[in-house]
Amino acid sequence: MNKKLKLENTGVLVVLFTLTFISILPFLWMISTSLKSNGALLSIPVEWIPKTVSWAAFIKVFTRLPFIGALANSTFITMTSTTITLISSSLAAFVFAKFEFKYKNLLFTLFLASMMIPIQVTGIPIFIILTKLNLTNSYLGVIFPTVFNVFAIFLLRQYMKNISNDFIEAAFMDGANFWQVYWKIVLPMSIVPLTTLFVINFMNYWNDYFWPLIILSDPNKMTLPVLLSKLNAQYTTEYNTLMAGSLVSMVPILIVYAFAQKYFIAGIQEGGIK
Amino acid sequence: MRNMQKQTKIFLILFLVPSVFGFIVFSLIPMISAFYLSFTSWDVIGGAPEWIGMKNYIDIFRSEEFYRVMRNTLKFITFYIPSIMVSSLLVALLFDRKIKGMGMFRVLLFIPVLTSWIAGAIIWRSVLSGQYGLMNNLLALFSIKGPAWLTDPDWAMIAVVMVSVWKDLGFFSLILFGGLRGIDKTLYEAAKIDGATSFQVLRRITIPLLTPTIFFVLVTTIINSFQLFPQVMVMTGGGPDGATQVMVERIYTYGFRYFEMGYAAAMAVILLLIIVIVTIVQMRLQKKWVFYE
Chain A
1 MNKKLKLENT GVLVVLFTLT FISILPFLWM ISTSLKSNGA LLSIPVEWIP KTVSWAAFIK
61 VFTRLPFIGA LANSTFITMT STTITLISSS LAAFVFAKFE FKYKNLLFTL FLASMMIPIQ
121 VTGIPIFIIL TKLNLTNSYL GVIFPTVFNV FAIFLLRQYM KNISNDFIEA AFMDGANFWQ
181 VYWKIVLPMS IVPLTTLFVI NFMNYWNDYF WPLIILSDPN KMTLPVLLSK LNAQYTTEYN
241 TLMAGSLVSM VPILIVYAFA QKYFIAGIQE GGIK
Chain B
1 MRNMQKQTKI FLILFLVPSV FGFIVFSLIP MISAFYLSFT SWDVIGGAPE WIGMKNYIDI
61 FRSEEFYRVM RNTLKFITFY IPSIMVSSLL VALLFDRKIK GMGMFRVLLF IPVLTSWIAG
121 AIIWRSVLSG QYGLMNNLLA LFSIKGPAWL TDPDWAMIAV VMVSVWKDLG FFSLILFGGL
181 RGIDKTLYEA AKIDGATSFQ VLRRITIPLL TPTIFFVLVT TIINSFQLFP QVMVMTGGGP
241 DGATQVMVER IYTYGFRYFE MGYAAAMAVI LLLIIVIVTI VQMRLQKKWV FYE
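Those protein sequence lines, which keep their order, are chains A and B.
Its first residue numbered 1, the first sequence is counted upward by one per residue in my numbering.
Its first residue numbered 1, the second sequence is counted upward by one per residue in my numbering.
These aren't lab readings, by the way, just hints derived from the structure by calculation.
Each hint can be trusted.
On the chain A side, residues computed to face chain B include the following (Cβ under 8 angstroms): (1) V12; (2) L13; (3) P26; (4) W29; (5) T33; (6) V46; (7) L91; (8) T122; (9) I129; (10) Y239; (11) M243; (12) I253.
For clarity, every value in this text was computed on a predicted model and none was experimentally measured.
By construction, the Cβ of each residue, glycine as well, lies at the ideal position given by its N, Cα and C atoms.
All chains, please: the whole structure from these sequences, using the hints.
This is the structure:
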């Protein structure tokens with residue numbers, strides 16, 4: 001019996017290893033290509049590992065192309081958007097989870113229904129609204145719409161519902177006001193979903209393409225995905241440059257994920273079960 | 001006490017203001033105006049939208065393009081949905097084994113999910129490039145001559161499917177794994193004692209109990225299929241010969257390249273209707289196969 005189990009487990013590991021290897025392979029190819037010189041790109045037979053390592057692509061990315069600027073833009077937009085989403089969603093979630101008021105269910109249903117509507121439908125009017133507000137081609141135009149995030153409200157509300165009312169009532173008894181209860185009790189107790197949402201939103205905003213592409217036309221304000229797509233059109237086959245740029249754009253999100261990974265996987269699974 | 005109630009009311013409103021404001025400005029009003037715009041002709045720059053009734057819709061349904069876009073989407077769905085369902089289910093089942101080092105696979109398989117669509121699509125454009133790409137050179141090792149993936153109209157959509165499965169596998173296998181962990185393991189043992197084979201346990205116990213999660217994954221992946229966009233934009237730009245043109249790519253092209261906002265809005269409304277109808281049909285059908293305890 002034990003022997004059979006061992007054999008099965010070996011089989012499982014072999015299959016998983018193969019699948020993981022296949023899914024990682026394009027990244028290895030990315031690293032290898034980014035270290036090739038322009039000449040080595042076109043050598044036949046293909047150099048799986050570059051014979052001579054060339055840093056030219058990375059140097060180009062950081063000196064001749066506006067990557068530093070795009071990195072700064074992406075970081076600013078992503079951090080601000082994520083913070084705004086977490087604050088506005090947790091405020092609303094707290095109210096939906098713990099208080100009764102007129103039209104509460106109607107409002108929540110409307111919120112949920114709006115999740116069905118793809119950004120491409122509302123995108124054109126939002127663009128027009130932002131144009132009227134003079135917010136196109138500004139960071140604010142990209143950040144502003146993130147103030148409303150149904151998924152975040154929903155996830156936080158589910159979680160906050162399970163926070164015992166005793167804590168909250170006791171705090172009110174002690175004379176705490178609404179804000180203090182939210183800030184000192186409810187938020188610290190919701191750290192798991194907040195971390196999950198931090199990673200999900202950071203990832204979404206960092207990688208977002210459609211919205212920054214439409215809003216930001218000034219090259220100095222471009223985010224990484226937009227810059228990458230522009231380079232993709234411009235340097236169609238200069239793959240070492242494109243790969244170096246892609247690699248650079250991936251590093252921040254990988255760092256965030258590495259730190260938050262444990263909470264994140266736990267949070268996303270709880271979401272999957274419910 | 002009255003004072004307390006008043007205070008509560010003010011705070012309730014203050015706490016809801018950001019989200020309600022966002023909902024009205026970035027969801028409700030745009031929704032209504034998209035609907036209105038779809039009955040107009042408007043190029044953004046010159047003057048106000050001009051009311052033209054159903055013309056946009058009629059033009060869309062008369063255009064050959066619309067049917068090509070639908071065929072392309074259908075082709076994507078036909079290949080993508082079975083591939084992603086089977087592969088993420090397989091990976092989730094493997095994840096469910098208690099083996100040391102499993103966490104590492106979970107983390108590694110998630111990397112494509114973290115990668116932006118743009119970076120992912122650029123990487124794959126290189127992997128799939130005809131002569132110098134990774135894929136065809138690997139195939140050549142087995143004496144297989146790979147197609148010119150992204151420039152061959154027959155293969156371009158298949159390539160888009162491949163990349164989409166690669167990108168989404170980590171996410172959906174994690175969701176399905178979450179569902180598997182919710183299943184009571186004593187059921188497996190009881191079945192084993194009764195002499196059931198592993199395959200019977202899978203078919204009669206695991207899969208039925210997992211159907212709610214499978215349903216969630218199915219609904220999500222189908223909605224995503226209709227919203228296909230960045231991978232197409234970067235890898236093929238809708239080509240070759242329109243073989244990878246899809247709804248969102250068309251909406252973007254008409255709206256923000258040609259500035260035909262009314263026409264684009266009508267397409268967006270059609271897209272929304274399709275998604276709503278497909279989702280409702282799925283909700284109806286779920287009673288037939290989804291198993292709720």
